[in-house]
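Chains as they are written, first to last, in my numbering: chain A, 1 to 509; chain B, 1 to 289; chain C, 1 to 324.
Derived by calculation from the structure, the hints in this document are not laboratory data.
Watch out, some of these pointers could steer you wrong.
As the list claims (entries may be wrong) - Listed below are the simulated DSS-like cross-link pairs for lysine-lysine, each with C-alpha atoms no more than 30 Å apart in a straight line:
no., chain 1, residue 1, chain 2, residue 2
1, B, LYS128, A, LYS456
2, C, LYS185, C, LYS261
3, A, LYS473, B, LYS3
4, A, LYS132, B, LYS132
5, C, LYS185, C, LYS13
6, C, LYS13, C, LYS193
7, C, LYS81, A, LYS158
8, A, LYS351, B, LYS128
9, A, LYS238, B, LYS128
10, B, LYS3, A, LYS194
11, C, LYS81, A, LYS456
12, A, LYS231, A, LYS278
13, A, LYS278, C, LYS81
14, A, LYS392, B, LYS132
15, A, LYS194, C, LYS81
16, C, LYS193, A, LYS194
17, C, LYS185, A, LYS496
18, B, LYS132, A, LYS351
19, A, LYS278, B, LYS3
20, C, LYS261, A, LYS500
21, A, LYS158, C, LYS161
22, A, LYS351, A, LYS132
23, A, LYS392, B, LYS3
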Amino acid sequence: MKEKELNDFQQDDEEQIRQTTRREFLKKSVKIGAAAGVAASLFPIISSCKKKPEEKPAAAPAEEKEVSKLPSGLTEDEAAILSMLPDQQIGVDYPQGEEINVGFLGALSGPSAGWGLPGLTGINIWIDAVNKTGGLLVGGKRYPLRLHTFDDEGIASKALQGARQLVLERNVKFINAIGGDPANATAPFLTEHKVIYASLVPTDMHPNRPYVVAGGDITPQCNMFNALIAKMVLPSEKEIGRPLRYALTTQEDIMSHQVAAWEIGAAVATGFEIVYEKFFAVETTDFAPIVSAMIATKPDVISLCEAWPEYQTLLWEQLYLQGYEGVVVQNYADWETNLTKIPAEYAASVKGIDSFPLMDDPWWGSPSWQASFTRLWNKRYGPGAPEDVHRKMTGIDWDHVIWLIPWCIGAQLAGKENPGKWPSNDEILEALRAQPSFPTILGPGHMSGEEMFGIKNMIEQPVPMNMFSLDAKDKRIIAHLNFEPWFQAIKHVVIKEVEKRGQMYYQRK
Amino acid sequence: MDKQLLIQTIANSIAISGIYALIAIGLTLAFGVMQMANLAHGHFVMAGAYAVYALYSLSGWSFWIAVVAAVVVGTILGIGVERTIFKPLRGDVVGGFIATAGLMFIFEVLVGEFWGWGLSRPVPSPYKYAVKFFGAAVSFQRILAIPFTVVCIAGLGFFMRYFRLGRALRAVSQDPEAAALQGINLDRMTMLAMAIAGGLAGVAGGLVSVIYAITPSLGHRIILPALIVTVVGGMGSIAGVTIAAFIFGFIITFVTTLIDGVAAQMVSVTIMAIVLAIRPRGIMGHEVG
Amino acid sequence: MRLANDNNYRLYKLSSLLVVLVVLCIFPFITRTYLVELAMIYFLYIILAQSYRLIVTIHDWQLYHFVLYGVGAYTSGMLAKNLNFPVFGAIPLGGIMASIVGVLITLPLLGTEGWSFYIASYGLAELIRLTWLKFRNPFGASTGIIEIPYPPVILGIDFSKTIPYYFFTLVVMLIILYLLYRLDKSHIGETFKAISIDPLLAESTGISVRKHRLMASAIGGFCAGIAGGVLVHRLRTVDPNMFELTSMLYLLIYLVVGGTKTFWGPIIGVGVMQTVFEVTRPFAQIRPVFFGLAIILVLIFMPGGIEGLIPKLGEKFKSLLKIE
Chain A
1 MKEKELNDFQ
11 QDDEEQIRQT
21 TRREFLKKSV
31 KIGAAAGVAA
41 SLFPIISSCK
51 KKPEEKPAAA
61 PAEEKEVSKL
71 PSGLTEDEAA
81 ILSMLPDQQI
91 GVDYPQGEEI
101 NVGFLGALSG
111 PSAGWGLPGL
121 TGINIWIDAV
131 NKTGGLLVGG
141 KRYPLRLHTF
151 DDEGIASKAL
161 QGARQLVLER
171 NVKFINAIGG
181 DPANATAPFL
191 TEHKVIYASL
201 VPTDMHPNRP
211 YVVAGGDITP
221 QCNMFNALIA
231 KMVLPSEKEI
241 GRPLRYALTT
251 QEDIMSHQVA
261 AWEIGAAVAT
271 GFEIVYEKFF
281 AVETTDFAPI
291 VSAMIATKPD
301 VISLCEAWPE
311 YQTLLWEQLY
321 LQGYEGVVVQ
331 NYADWETNLT
341 KIPAEYAASV
351 KGIDSFPLMD
361 DPWWGSPSWQ
371 ASFTRLWNKR
381 YGPGAPEDVH
391 RKMTGIDWDH
401 VIWLIPWCIG
411 AQLAGKENPG
421 KWPSNDEILE
431 ALRAQPSFPT
441 ILGPGHMSGE
451 EMFGIKNMIE
461 QPVPMNMFSL
471 DAKDKRIIAH
481 LNFEPWFQAI
491 KHVVIKEVEK
501 RGQMYYQRK
Chain B
1 MDKQLLIQTI
11 ANSIAISGIY
21 ALIAIGLTLA
31 FGVMQMANLA
41 HGHFVMAGAY
51 AVYALYSLSG
61 WSFWIAVVAA
71 VVVGTILGIG
81 VERTIFKPLR
91 GDVVGGFIAT
101 AGLMFIFEVL
111 VGEFWGWGLS
121 RPVPSPYKYA
131 VKFFGAAVSF
141 QRILAIPFTV
151 VCIAGLGFFM
161 RYFRLGRALR
171 AVSQDPEAAA
181 LQGINLDRMT
191 MLAMAIAGGL
201 AGVAGGLVSV
211 IYAITPSLGH
221 RIILPALIVT
231 VVGGMGSIAG
241 VTIAAFIFGF
251 IITFVTTLID
261 GVAAQMVSVT
271 IMAIVLAIRP
281 RGIMGHEVG
Chain C
1 MRLANDNNYR
11 LYKLSSLLVV
21 LVVLCIFPFI
31 TRTYLVELAM
41 IYFLYIILAQ
51 SYRLIVTIHD
61 WQLYHFVLYG
71 VGAYTSGMLA
81 KNLNFPVFGA
91 IPLGGIMASI
101 VGVLITLPLL
111 GTEGWSFYIA
121 SYGLAELIRL
131 TWLKFRNPFG
141 ASTGIIEIPY
151 PPVILGIDFS
161 KTIPYYFFTL
171 VVMLIILYLL
181 YRLDKSHIGE
191 TFKAISIDPL
201 LAESTGISVR
211 KHRLMASAIG
221 GFCAGIAGGV
231 LVHRLRTVDP
241 NMFELTSMLY
251 LLIYLVVGGT
261 KTFWGPIIGV
271 GVMQTVFEVT
281 RPFAQIRPVF
291 FGLAIILVLI
301 FMPGGIEGLI
311 PKLGEKFKSL
321 LKIE
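Just chain A, same shape as in the assembly (with noise of 0.2 Å):
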């Protein structure tokens, strides 16, 4: 009886909370919306109120102002962006040409997001600028440029089907990329379409893909010149009596074992002994194994070669915390995040050599192309702008447009010898190849690749490389080094170490 009793009592309850519980939930969905609401916008306002001040470029002369007789709008440091093109003839009339469709293909969600979201930034910088002047000038007429973006979240089923909608619905003829097996999954449709894909990733380019360029990265020239620079700070092997261990470490993704192959090739090629050379996971959170690991076996080098920025971070907290003491080299240090966890001296005294520098280092000098380009990013999507992107300007920002800009170069080469239609991506790379020499944003460059990856689809450029300054609490250029000469004295040696780990082109199966 009582059983029965507590059974009913039970039943009745459960019948209660299931009618009350969907009006209850819409009341009290409605009260923590409220709240959430609340919540949520009361941080914007204690998060503006920052205590540090924000760090000013170094190099700010002059604002921007508005020439009368540039085209309405274009101010002056979008003129300057412009300057490297050949032949755009700011200011004078042409006919109007077609729209030309420009691809944006990589991750804009998602866990690799930090590598494709921030290269819009510059891409629209670019693509404003020409525009203001009424588009690119090939071949007698002007060709307003236009971007869409597909969102491949890093994966190579969507990249294939991004590169389908891209080019078959909105005809584009170009596509900035971040690479990787998005590439390998693209590459048969946009040769068979002749579009261009620029990677950021210079093992995609191979014989069998002809629209596939890259080295807009400097990579992986600057990680060879990582062991030089290493190798000219470090005592000899005569004064110590021994030769020097270089140890590397670098997670695996699409890129890092090629990468790696051939900075170790260069590292050898140096003189130095390889001592440890191992790849962590992704989704590795704790680096306090790795470091002292690789501490063990007494390296004279430690590179980070190409880490993602947070894992580098992490990675320079447990060096600093384990007591290193030699050289550390990578491809890209973000000393901003750095800095929270390691003191600047720690990164002084063992030297912190990367690459990618900072549009607005000193030693590009000012008025610079850099300078300029650094003005726009502050006043579009620096703090307080209207694209505000709650960030500051990394190298992924300017990382893109290193293959948009020659490519319009390439046009408008090639638009000479055709004037009246917009020129066959045949036709540009042709015209690139020809030239001896054309600008980008790192320096004069020109194409090259076909001894490292079987095809002239690479821009090569003066490598900048930084060292971590006390003075400035960042990274600054020391030197901007020529890759052709030397990478002939060393090729030899290089090429047998990325052979011997099966990462030349000709060994990817």
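Assemble the complex: chain A is given as a structure, and chains B and C must be docked to it using the hints.
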């Protein structure tokens, strides 16, 4: 492995075990009471970490006050999720699990939109030095996790033994029906459990903010080890989870040092599978069913 | 009277199916190429959702299904590329491999339930994915397998082209749907339903729940593997990144939204949610919020999924017919 590396690895293992335990305790407590786990627990930890980022890194509050704020944030999130998701879906294990999966997506985007995608947010370490013992160096920041974990476990134990509410919580996790018969308000208990779980996640997030990289995908990275530890330790058992945290802390650290991180993950998953095959309720879990 | 109405209803059902079939056949010839390729993505997801439903109803919401898709892809791709296996032979082998792996994964899971089951199923799936990631030989590590061969030209039809491959995918999907439908209506299907409603009761009547669950894994895995094979010979590349937890969760969301009680639920779920996915491309960054909210709202307010609403609509329609 030479002696120096061995000592360093042991030190690293102890430090990371404390962190795993701190993260997993909230998860297992909530499960014990509601029979439902919060798949978005890792994202709660992330929310705590971002709270510290916003208040300490961006607005210059004191670090420890920021951590307290993180606890508050976690508690509010815990209660919010309990009211909006777990209560309407009570008893529906599948539903709760899927709904919290949906929560994961929401959190990730909210955090990303608000504080930016891309490169990780810097949170300065208030304690930049290392503790040295026997020649091994471990970041003081990490060592902190251990006393915190101890205090939390002791606190919880104390609460669940000497306070009426705590004993009620324990009763519900042992037998919800019997507890209801005693007049314990299940509704209030689940809310309390989630509040505590959320608060613990907030503490973990606060401590972890200076150790891990603060990106919107932090939640994803934290949850898998936490789930493995919880499942192997036994859903609902705090003691079990602590033991499992140490077991896996050691295994993952040693394998990473000797081989690499991918192998370490593979080994931990395999061990979890074996444990589940032999003893489905985990080391110290209650009977399943 | 009733008989006539039932026949009407059946006729109505069959004729509407026929109309859909005809539309699907004409579709590739009247639309843009991009949409034809997109349709193939829908077809593959329908196969995945339908095979997932099989396992979900009889066992539980496992989290390894999407990885079985990958097993089929890797197997078929590697056979075709490294061993020069004919493509149309490699795809079924991919299905068989996925089936075997599915059964192997399910074996240790049979003893677990609830939370342990979900986490363990995810863990084991991750183990497979990590294996692909760790071993450069033969899986290619993070690069995966590239330059997987296109299917060949058969009887003058070049299957490397969009429209022929569309029909191939369509035929594969229809065959699988038909087989699963027959299974649903068959004696075994009745047993499956009994187990899904009350496993303990079924066990007590002598049905081996274990055996049937393993059978479901085998069949479901086979279908997922076939889908993987079909995918990979169009994409020509496969890597571990394609089979992460997020993709699995999206598949799960599709199924919950569609509903699992009837055979049509998964198809509706894929149709609706995949379209939402495509249409929200301009908001790619914040799209996950929509999906997260959608799943939570559906679970609370519409636990039967969209298919739960259909009977109500069907009733209204039926009453309209009766009025006639």
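Worksheet item: Hint by hint, which ones does the structure fall short of?
Response: 1, 3, 4, 9, 10, 14, 16, 17, 20, 22 and 23
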